[in-house]
Amino acid sequence: MFLELKNINKSYGNKSNRIQVLKDINLSLDKGDFCVLLGPSGSGKSTLLNIIGGIDRSDSGEIIIDNEAMTAMSDRQLTAYRRRHLGYIFQSYNLIPNLTVRENIEVGAYLGRHPLSVDEMLSVLGLKDHERKLPNQLSGGQQQRTAIGRAIVKNPDILLCDEPTGALDYKTSKDILGLIETVNDHYGCTVIMVTHNDALKNMAHRVISLKDGTIRDNYLNASRMRARDLEW
Amino acid sequence: MTNPLRKRLPRDLRSDFGKYLVIFLLMVISIGEVSGFDVADSSMIRAYQESFEKYNIEDGNFLISNKASAGQIRSIEEAGVTLYPNFYRELVLDNGSTLRIFAHRSEVNKACLMEGSFPRQTGQIALDRMFADNNGISVGDRISSGSRSFKVTGLIALSDYSALFQNNGDTMFDSVRFGVAEVSQEEFASYSKKYLKFCYSWKYQKSPSSEEEERDMAEDFMEKANDEVRLEAFTPRFENQSITFTGEDMGSDKAMMQAFLYIIIVIIAFVFGVTINNTIQKEAEVIGTLRATGYSKNELIRHYMAMPLLVTLVSALLGNILGYTLLKDFNAYLYYNSYSLPTYVTRWSPGAFISTTLIPVVLMILITYLSLKRKLSLSPLKFLRRDLRKTSRGRALPLSRHIPFFTRFRLRIILQNIPNYMILFVGIIFANLLLMFGLIFPSIMDHYQATIKENMLCPYQYILQIPMDAMDEDHRFSSFLNLLYFSAEASSRNEDAEKFSAYTLKTMEKKGTRSEEILLYGIKRKSSYISLPTDLADTEDGTEIFISSAYADKYRLKAGDRITLREPYDKDTYNFRVRGIYDYQCGLTIFMDQEVLNRTFDLDPDYFSGYLSSSEIKDIPQKYISTVIDEESLTKVSRQLMVSMGSMMNLVCAFSVIIFMILIYVLSKTIIEKNAHSISMTKVLGYRGGEISRLYILASFLIVMIFILISLPMETAAMKAIFRIVMMTSISGWIPFYLDPLIYRQMTALGIGTYALVAILEYLKILKIPMEEALKETS
Chain A
1 MFLELKNINK
11 SYGNKSNRIQ
21 VLKDINLSLD
31 KGDFCVLLGP
41 SGSGKSTLLN
51 IIGGIDRSDS
61 GEIIIDNEAM
71 TAMSDRQLTA
81 YRRRHLGYIF
91 QSYNLIPNLT
101 VRENIEVGAY
111 LGRHPLSVDE
121 MLSVLGLKDH
131 ERKLPNQLSG
141 GQQQRTAIGR
151 AIVKNPDILL
161 CDEPTGALDY
171 KTSKDILGLI
181 ETVNDHYGCT
191 VIMVTHNDAL
201 KNMAHRVISL
211 KDGTIRDNYL
221 NASRMRARDL
231 EW
Chain B
1001 MTNPLRKRLP
1011 RDLRSDFGKY
1021 LVIFLLMVIS
1031 IGEVSGFDVA
1041 DSSMIRAYQE
1051 SFEKYNIEDG
1061 NFLISNKASA
1071 GQIRSIEEAG
1081 VTLYPNFYRE
1091 LVLDNGSTLR
1101 IFAHRSEVNK
1111 ACLMEGSFPR
1121 QTGQIALDRM
1131 FADNNGISVG
1141 DRISSGSRSF
1151 KVTGLIALSD
1161 YSALFQNNGD
1171 TMFDSVRFGV
1181 AEVSQEEFAS
1191 YSKKYLKFCY
1201 SWKYQKSPSS
1211 EEEERDMAED
1221 FMEKANDEVR
1231 LEAFTPRFEN
1241 QSITFTGEDM
1251 GSDKAMMQAF
1261 LYIIIVIIAF
1271 VFGVTINNTI
1281 QKEAEVIGTL
1291 RATGYSKNEL
1301 IRHYMAMPLL
1311 VTLVSALLGN
1321 ILGYTLLKDF
1331 NAYLYYNSYS
1341 LPTYVTRWSP
1351 GAFISTTLIP
1361 VVLMILITYL
1371 SLKRKLSLSP
1381 LKFLRRDLRK
1391 TSRGRALPLS
1401 RHIPFFTRFR
1411 LRIILQNIPN
1421 YMILFVGIIF
1431 ANLLLMFGLI
1441 FPSIMDHYQA
1451 TIKENMLCPY
1461 QYILQIPMDA
1471 MDEDHRFSSF
1481 LNLLYFSAEA
1491 SSRNEDAEKF
1501 SAYTLKTMEK
1511 KGTRSEEILL
1521 YGIKRKSSYI
1531 SLPTDLADTE
1541 DGTEIFISSA
1551 YADKYRLKAG
1561 DRITLREPYD
1571 KDTYNFRVRG
1581 IYDYQCGLTI
1591 FMDQEVLNRT
1601 FDLDPDYFSG
1611 YLSSSEIKDI
1621 PQKYISTVID
1631 EESLTKVSRQ
1641 LMVSMGSMMN
1651 LVCAFSVIIF
1661 MILIYVLSKT
1671 IIEKNAHSIS
1681 MTKVLGYRGG
1691 EISRLYILAS
1701 FLIVMIFILI
1711 SLPMETAAMK
1721 AIFRIVMMTS
1731 ISGWIPFYLD
1741 PLIYRQMTAL
1751 GIGTYALVAI
1761 LEYLKILKIP
1771 MEEALKETS
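As you go down the protein sequences, you meet chains A and B in turn.
Under the working numbering, the first residue of the first sequence is numbered 1, with each subsequent residue one higher.
Under the working numbering, the first residue of the second sequence is numbered 1001, with each subsequent residue one higher.
By construction, these hints were calculated from the structure, which means they are not laboratory data.
We put the beta carbon where it would ideally sit given N, CA and C, even for glycine.
It is possible that part of the hints are untrue.
[To be verified] Derived Cβ-Cβ restraints for the label pairs, each shown as a range:
#1 P1350/B <-> G13/A: 54 to 60 Å
#2 L1025/B <-> G178/A: 51 to 57 Å
#3 L1025/B <-> H114/A: 43 to 49 Å
#4 G126/A <-> G1018/B: 24 to 30 Å
#5 R228/A <-> L1685/B: 38 to 44 Å
#6 I64/A <-> M1001/B: 27 to 33 Å
#7 R18/A <-> I1365/B: 38 to 44 Å
#8 G1686/B <-> G126/A: 37 to 43 Å
#9 N9/A <-> L1685/B: 31 to 37 Å
#10 R18/A <-> G1686/B: 41 to 47 Å
[Claimed, not checked] Here are the computed lysine-lysine pairs in the DSSO-like style, where the Cα-Cα straight-line distance is at most 30 Å:
#11 K1636/B <-> K1151/B
#12 K1510/B <-> K1203/B
#13 K1297/B <-> K31/A
#14 K133/A <-> K1683/B
#15 K1382/B <-> K6/A
[Claimed, not checked] Facing chain A, according to a computed beta carbon distance under 7 Å, are these residues of chain B, among others:
#16 M1001
#17 N1003
#18 R1011
#19 K1282
#20 V1286
#21 T1289
#22 A1292
#23 T1293
#24 S1296
#25 E1299
#26 P1380
#27 L1381
From just these sequences and the hints, can you work out the full model?
Here it is as structure tokens:
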């Protein structure tokens, strides 16, 4: 297994108003899997993504990635882990406002040991004509494409997507999902995507459904659909 | 691959050009001035120190009433010194100033020729450069004293008169009314002995190895010399203000300037800290994303430190270039304006580089690094959630619903910006302190002059010069007869004239303060000029005295205190008990019963040494008058300080106004910018411009007003403390602290004016932001 989570627990708050957001989560993913984490608001899916991404820590349990135990890592090691293995995409694009599209993608490329070509990335993302533009000159879809470029240009092992289409319209959302699919197919990186859009489960290899901090469903998708064929 | 974040730097610079420009200018001016000052000061100090050897400056001098005989000289020199006659005469020029004239010196205390040539013939004179400048005299001009006239052949600096003190006990020198000059030996030889002052300089045959040894040697030598001749004055070099004042002042100036620079740098670093903090808040999600993607904390710290460091480095570079060129000359000019220094050679001081470049850069690195490290130590998740508090978010302070909505809104803005306001408060205190420093100087001087005019004991005080033969203890009978003759000759028939006795003692030396001369007045009972109790007497605790309010203020003395003073020229000490304070600000003086004074110092019961008078005394032979203390002589301190410090203070004033405006501008801008998004949002919601300014700008305006007002007493207290330190360490005598209430009004008006200007600029900027910007998610 490339990624393994064993008995992950996480709670927030202090004694009187403590809320357990994750309860005994166990899951494993192979390299190159496309996994969708589904669930309503407050189900714990973003928290689980953040723990996998090493930007939040579990209270107990174990995370093993590529045979490395993440739970024992120091902050410095976690930074190195993220640098080496992870790409992140958020609902808000979080681009650097005074860097151009190309430069924003270069920000990601700088971190990779064997980064992909920025030019190739711009072509794949359909941003070649916009490479000199600043984020505030782009549409929401173009900004999210740039964010995807920044995340994958460093050639990560895992691409973590937190509601990547949450702020986009239907058509643009499908474009973006197509792009993430292409990245998964083309570059072979494991994708874990958090969404509350039930329709997106159809494009995943593995679907994990969370409710109240526990896994309600965890299954392999037998008949996977292409992003362009999704409807909601 | 280089870090692509670097590409942000020029764009950050462009987008915030105004802020960086003012910070840059502030640093260039500060570093340039301190660097220029440091180089000029180091070079001057070096020239000053080298002048001791180069011009063979004396180890001390003493004054006697008659020329010493060859035997006396031989005998004195047995104490291990070499004596050099350094006679002079004083002439009152037609412009009213006094010129002390020496014969051209070739052995000790040699002169540095600054312009022209030394006098070679009779009728020629070389004047002290500063005295000539202050009196508008140039080489080639003629100066005259009655029927005597001189052609000025050169401008010089006498190495033993770098500060032009006429009398060593003077509070301050007066380079407008007093100067020194050299004439040819031939010219000097033509002067009658009766006008000459017989001053002898001495050099030790074996130089003392420490200050302590120098003091011991001086004391021993004084006793030896006093055995041979009757000393009228004895001034070892370390006590000679004309020689030491300049060096001490230059050293303390340097420390002050460096402290000033470091305060500026710390303030600027805090300004950067505040702006970085705001940037971090603005870019929280970007930072969270970068951290989540694998950017390390140190990479981001380096990124956010780059601009402050770059600005500091470029400012230091440009500041140093300016300092070593233009400002060095300017600072040297300020010194030449104050002191009669010899020519100097510019020394490239490594100390200047360290203090103006290395230390500011290190300070900037340290402060920005620590503030960034603290801020960026939050987890990436916190950044992504824009939750940048170290501690858990407390509940909002409950505000009563009875408070009008606008007031509550303003209170929320104030509470939200407390850290920024705190920095603004520090900035206001510092800028105002500088401003006060610049503004207060003329008011202190004006007040001092006015106080002196109102506070004089009487319009004229005459200190008499008692003939030596009237004081000769070895021939008591003839000296008694001589004293009787002197008393008859020096008796005035002026009805206003009132006899008094005067005696000079010195304060005991304490660490950090200089020994000062205290003038003791022996006043007759029921004096018309000084009203003292009639029962002042000797007690077991010491002689009862009144001290001047200046003396009480300077040494923090009060009624009931005991003080000990010493003889200037031997080790005898005297104890006194302070019975009360006499309101007199013109000098450090003691008032006591005349009979008691005469008895205390073993003087004849009828002894007197001067007159107090409300009108000019004209019936005493001039030869018996040593000094006339009138309004002019008492105001020479303030006159000289205005001459030497006036231009410096104008500079400080202008500089402090600039710093004040820059600090208020940068810090207020930061606060308003922090709220720019909310301001735009209120526009979207339909608030009008006036309402927005009432909400946001007025809140900060009120805070600035409150800060300015509450900072004033703090600045006054700090200024009083600084002023006291300067008075204790650098000035003989006492100038009372005075703060003209007008200064408070000026400072408040300037603060409000500056903030209003900044607020208008910011408001106009905010009004230009299109409303859709407030709603648009740009990152």
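Here is how each hint holds up against the structure:
1. P1350/B <-> G13/A: 54 to 60 Å: holds, 59 Å
2. L1025/B <-> G178/A: 51 to 57 Å: holds, 53 Å
3. L1025/B <-> H114/A: 43 to 49 Å: 47 Å Cβ-Cβ, so the 43 to 49 Å window holds.
4. G126/A <-> G1018/B: 24 to 30 Å: This hint is violated: roughly 38 Å between Cβ atoms.
5. R228/A <-> L1685/B: 38 to 44 Å: holds, 41 Å
6. I64/A <-> M1001/B: 27 to 33 Å: holds, 31 Å
7. R18/A <-> I1365/B: 38 to 44 Å: holds, 42 Å
8. G1686/B <-> G126/A: 37 to 43 Å: holds, 40 Å
9. N9/A <-> L1685/B: 31 to 37 Å: Distance hint for N9/A, L1685/B is violated at roughly 44 Å.
10. R18/A <-> G1686/B: 41 to 47 Å: holds, 43 Å
11. K1636/B <-> K1151/B: Holds. K1636/B to K1151/B sits at ~27 Å (cutoff 30 Å).
12. K1510/B <-> K1203/B: Distance ~27 Å between K1510/B and K1203/B Cα, so the pair holds.
13. K1297/B <-> K31/A: Judged against 30 Å, a Cα distance of about 29 Å means the pair holds.
14. K133/A <-> K1683/B: holds, 28 Å
15. K1382/B <-> K6/A: holds, 25 Å
16. M1001: holds, 5 Å
17. N1003: Interface hint status for N1003/B: holds (6 Å vs cutoff 7 Å).
18. R1011: holds, 4 Å
19. K1282: violated, 9 Å
20. V1286: Result: holds, 5 Å to nearest chain A Cβ.
21. T1289: holds, 4 Å
22. A1292: holds, 5 Å
23. T1293: holds, 5 Å
24. S1296: holds, 5 Å
25. E1299: violated, 9 Å
26. P1380: Where the cut-off is 7 Å and the nearest Cβ of chain A is about 4 Å from P1380/B, the hint holds.
27. L1381: Holds: closest Cβ of chain A sits about 5 Å from L1381/B, inside 7 Å.
The structure fails to meet hints 4, 9, 19, 25 from the earlier list, while all remaining hints are met.
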